[in-house]
Every structure is written in structure tokens, then in C-alpha cells.
Amino acid sequence: MTGFPRARTAVVGASTFGLGECPGWSSMEMTAQAAYLALDDAGITLDQVDGLFTALPDDFLGGLALAEYLGIQPKVNDNNRTGGSSFLCHAIHAALALDAGLIDVALITYGSNQRTASGGLVSALRSSVYETPHRPMMPVGGYALAANRHMHDFGTTREDLAHVALAARAWANKNPEAFRQGDMTLDDVLSARMISSPLTARDCCLVTDGAAAIVMTRADRAANTRAPIPLLGGAQTVTHKEIAAMPDLTVTGAAITGPQAMQAAGITPDDVDCVQLSDAFTINTMLFLEDLGFCPTGAGGRFVASGASAPGGTLPVNTNGGGLSCCHPGMYGLFTMVEAVRQLRNEAGARQLDSPEIAVSHGNGGVLSSQATLIFGSPSTA
Amino acid sequence: MTDTGTEAQFLAYLSEGRFMLQRDPISGRAVFPPRLRMPGTGTPLGDWVEMSGRGTVHAVTIQQKRDAAARAIVLVDLDEGGRMLSQMTGVEADAVAIGDAVQARVVADAEIPHVVFEPAKGAA
Chain R
1 MTGFPRARTA
11 VVGASTFGLG
21 ECPGWSSMEM
31 TAQAAYLALD
41 DAGITLDQVD
51 GLFTALPDDF
61 LGGLALAEYL
71 GIQPKVNDNN
81 RTGGSSFLCH
91 AIHAALALDA
101 GLIDVALITY
111 GSNQRTASGG
121 LVSALRSSVY
131 ETPHRPMMPV
141 GGYALAANRH
151 MHDFGTTRED
161 LAHVALAARA
171 WANKNPEAFR
181 QGDMTLDDVL
191 SARMISSPLT
201 ARDCCLVTDG
211 AAAIVMTRAD
221 RAANTRAPIP
231 LLGGAQTVTH
241 KEIAAMPDLT
251 VTGAAITGPQ
261 AMQAAGITPD
271 DVDCVQLSDA
281 FTINTMLFLE
291 DLGFCPTGAG
301 GRFVASGASA
311 PGGTLPVNTN
321 GGGLSCCHPG
331 MYGLFTMVEA
341 VRQLRNEAGA
351 RQLDSPEIAV
361 SHGNGGVLSS
371 QATLIFGSPS
381 TA
Chain V
383 MTDTGTEAQF
393 LAYLSEGRFM
403 LQRDPISGRA
413 VFPPRLRMPG
423 TGTPLGDWVE
433 MSGRGTVHAV
443 TIQQKRDAAA
453 RAIVLVDLDE
463 GGRMLSQMTG
473 VEADAVAIGD
483 AVQARVVADA
493 EIPHVVFEPA
503 KGAA
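First to last, the protein sequences are chains R and V. Per the numbering used here: the first sequence = residues 1 to 382. Per the numbering used here: the second sequence = residues 383 to 506.
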């Protein structure tokens, strides 16, 4: 056994649709439209899709509903739900199924109209009898507890957290698709309404509509498409569901998946040109940068406060503006994948980096519960 | 006590005002939440024992819903073992900090019986 099938599969199509507000569209329609756009981008027709991967916001059997909507009968229908990391897990499973010859074309797609349909956060989180009587605001409370502990253990400050939001906004200002744009100051973040200390409203992600999709094939077939992006490595894990059961509030499962995915890809953190990660809350960016190996444990605050992750910095993070300023339709993982692909294809417009060759995509589900990491390369790295 | 799952058993004890947890016979540490077997190893768990209720605040976040008082939501490490999510009572929310010594109080008469915490007596 050789482990992860390095560069034996590739992303050949990628799309986003309806970021921000998408009134008049159901979540299913947004999901399907993103899928059609990604297939068009790949130059592959719908009838060739035989692996269908999704996690829809409002339907327990959404995988079945999507197959029906598209009118296809896939050989593999994966409705795995690990929260925002679902789609990165889908990509890992798709790579294995493609490499084994079980399927030939994998479609991973997702859409949510949570902003215009309900105006509120769609949460499918169910709490246990141990958590429910205390009526904590979740998931924000879980991330706030981790932030509180990080500040206590490492001297991280609210200003450090705020710099994550400022970097995200600076990137968003270069992305016409980003929902929130405009100047934002340190004081704007610090003086915003406190939601769950130490996190203010500006430490929390947007609540938007949005859809995205990815098409994957085996490398041989990918070579005939216009801009294939090889998948070099992937890894996933789960450490807990509710925050009280997290083994260490300041170390996430990314400390497992990051090294594992990078080893599969044959790279080290020094080789990485950009990181696209789930920044539902500002503390996430710090924790994941530490755990993925881009700075020492506890140093995430100083790292982001130095401007390293912002435009012009040494390690561009969330170049689309992230969940904090671009979009957050409830589950963010697929957007990290699309932005990684766009950067590696040199199709990112005003925010395009200088010919990046390695991009990390990192997804998070629950309350720092599920982590999944993908490593994408440029055609020259395959 | 009738034969039930450990979740129902834990809640039944709480409804009698008793804070009981199982112990891992190997480490001697209490296990929370209650389980059928030891998490991670699947080895048998020991009998239920009454907790002292003493613990230490591991992390805290203050939350305030509209028209309600601010509340300190805490993670508490129990002296005997186990980490619980709970809330503080008998103290201003913003006076709660990591490392505070706390004492459990059972709220038996609730839709779901549960454990809240208050500052330990004699703690500064």
C-alpha cells in the first residue's frame, strides 16, 4: 500500500455562485447551478458524472435529493457530514474512488441560501443533555472558550485576534465577489458588539448565501482539460464533537492532518505559497496556522499581528477574504478549495499571487471538532 | 435503580440531588460524560461514586442574550477527573477567571437536571 494517491487525481473544474445574497434561489438550485458552472469550466458533461458528493444545509438526505435534481444515478453518492470540513473529506474520498477506478468523474458541490431565506445562521448542531441545560450560544461559545484559553496560555491579545479580521478585509477589498468590503480599523473590530468574550461581531464570520463546486478526474484524463490542478495530499481527523471534550483547547486536529497531508504530498510548510482555511472565527486562523506548522504553537497571535497573512505578507492566507469578509453560507470548506485552485491557475484577478505552486486548503467542522487538509499543486509539481 | 443507559442513570441521580460519576478502575479518574465503557479503550468502567464537586475553571466566556443578565459559560476541570461545560452562579460574570476554584451545585428540579458552579468557599 502506498497511502494517498499523490497527484493521481486533479481538480479540472471549479466554480462559485451567488456569494453574498442570492434571493429567489433555493439552496438546491444554488447547489445545482454551482455544479453546472464547474462542469462547464471542466468541459465535462453532466452525464459523465458518476461520483456525487455533497452536504446540504437543510436536508438530511440531501445527497439523494441532489442526484434526483441533477437527474443522474451515481455509482458513489457520499453525503458525509463533518461540518465545514465535509467537502475536503469528500475530495479525499473522491481521490480514492477515482484512483481505484470505481468512478471516473467526481462532482463535489454545495449551496446555501441561509441569508436571504431565513436571515439567520442555519445550525444543524444538536447539543447533548450535558450542554443543553446551560443554553450556551454555540458554536461561537466553543471558539470563544478556545480563544480565552489561548490568551491565558500564550499572552495572545484581542488586538492579535482583530488582525485576522483586518487581513481578511484587506484581501476582500481585492475580490469583487467578496460580500463585505471597505476600510476597517483595529478599533472597528475591538469596539464591535461583544458576542461571546473575547469575540466581537467582527471576530465572527459573515452569514451569507453562497454556492461552490469542484470537478475531479484521474490525472490521465485531467491532462486533456484546460487547467488541471493536481491533488498532492489529503488527511482528515475528528477529535471531539462538543467543546468540553476537546483534548486540548489550544491544539486542533490540524496538528495531525497538516503534517500527514504534507507528508503525502512530499512537501514541508516552507514550500507552501498560500493557505486557504476555515476562518469562521478569528481564533481559527491562529490555531490552524500554528497547527499546520507555519508558526510555533502559541505564536499565532504574533504571526498575524505582524501582517504575515495579509496582502504583501510572507504567507498569504484566505486571499478571497475568507469567511470573515468574503462569504460564509454555513459550511465554508469548499470555498477554501475553489480559492486554492483559482490561485494555482493564476485566475485570481487583482488578488492573484505571483505564480504560486503549492496551496494548502484547510477545513474545520463543528467546534474545532473535525479537521481536514488538502495540498494542491501546480501542473509542474505533479 | 432500574437498568438504563448511563445517560439516564446520571440524570436520575441528579434528580435526587446527587452528583455521581463512574470511575476508570485503571486510572482511578472520574469519567464525564457518563459512558457504557471507557472512551478510547473500551475497557469496563467502575461503579458510580459521589463527586466532591470541587473543580477549577479551565476556560470562560461571557455571553449576554437580549434583555438577560450576562452569564459566565465555563469549562470546569473536576478534581476527581472529567471536564464539564457549565455556567457560574453567585458571582458577577466578569469576575470569573481561569484557575478559579469552584464548587458544584446540583439543580435537580429542572427539565434536564444539571450541575452549575459557584465560587468555592474560602477562595479569594
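Hints are computed from structural coordinates only; laboratory data are not their basis. Cβ atoms here follow ideal geometry from the backbone N, Cα and C, with glycine treated the same way. The reader is advised that the hints may include incorrect statements.
[What the hints assert, rightly or not] Ranges between beta-carbon positions, derived for each pair: (1) R:G71 to V:A394: 51 to 59 Å; (2) R:L102 to V:A502: 56 to 64 Å; (3) R:L102 to V:G387: 50 to 58 Å; (4) R:S127 to V:D429: 37 to 45 Å; (5) R:D153 to V:S434: 22 to 30 Å; (6) V:S397 to R:L64: 38 to 46 Å; (7) V:G422 to R:Q352: 43 to 51 Å; (8) R:G312 to V:E493: 53 to 61 Å; (9) V:T425 to R:I72: 41 to 49 Å; (10) R:S306 to V:A451: 58 to 66 Å; (11) R:D40 to V:E493: 32 to 40 Å; (12) R:D270 to V:A483: 26 to 34 Å; (13) V:G422 to R:R135: 28 to 36 Å.
How the hints compare with the structure:
1. R:G71 to V:A394: 51 to 59 Å: holds (52 Å)
2. R:L102 to V:A502: 56 to 64 Å: holds (59 Å)
3. R:L102 to V:G387: 50 to 58 Å: violated (38 Å)
4. R:S127 to V:D429: 37 to 45 Å: Violated, since S127 (chain R) and D429 (chain V) (Cβ atoms, about 28 Å apart) do not stay within the stated range.
5. R:D153 to V:S434: 22 to 30 Å: With Cβ atoms ~26 Å apart, the hint holds.
6. V:S397 to R:L64: 38 to 46 Å: Distance hint for S397 (chain V), L64 (chain R) holds at roughly 41 Å.
7. V:G422 to R:Q352: 43 to 51 Å: Holds - the Cβ-Cβ distance for G422 (chain V) and Q352 (chain R), about 46 Å, lies within 43 to 51 Å.
8. R:G312 to V:E493: 53 to 61 Å: Holds: the Cβ-Cβ distance is about 54 Å, inside 53 to 61 Å.
9. V:T425 to R:I72: 41 to 49 Å: holds (47 Å)
10. R:S306 to V:A451: 58 to 66 Å: violated (39 Å)
11. R:D40 to V:E493: 32 to 40 Å: With a Cβ separation near 52 Å, D40 (chain R) and E493 (chain V) fall outside 32 to 40 Å, so the hint is violated.
12. R:D270 to V:A483: 26 to 34 Å: Cβ of D270 (chain R) to Cβ of A483 (chain V): about 45 Å, so the range 26 to 34 Å is violated.
13. V:G422 to R:R135: 28 to 36 Å: Because 30 Å falls inside the window, the suggested range holds.
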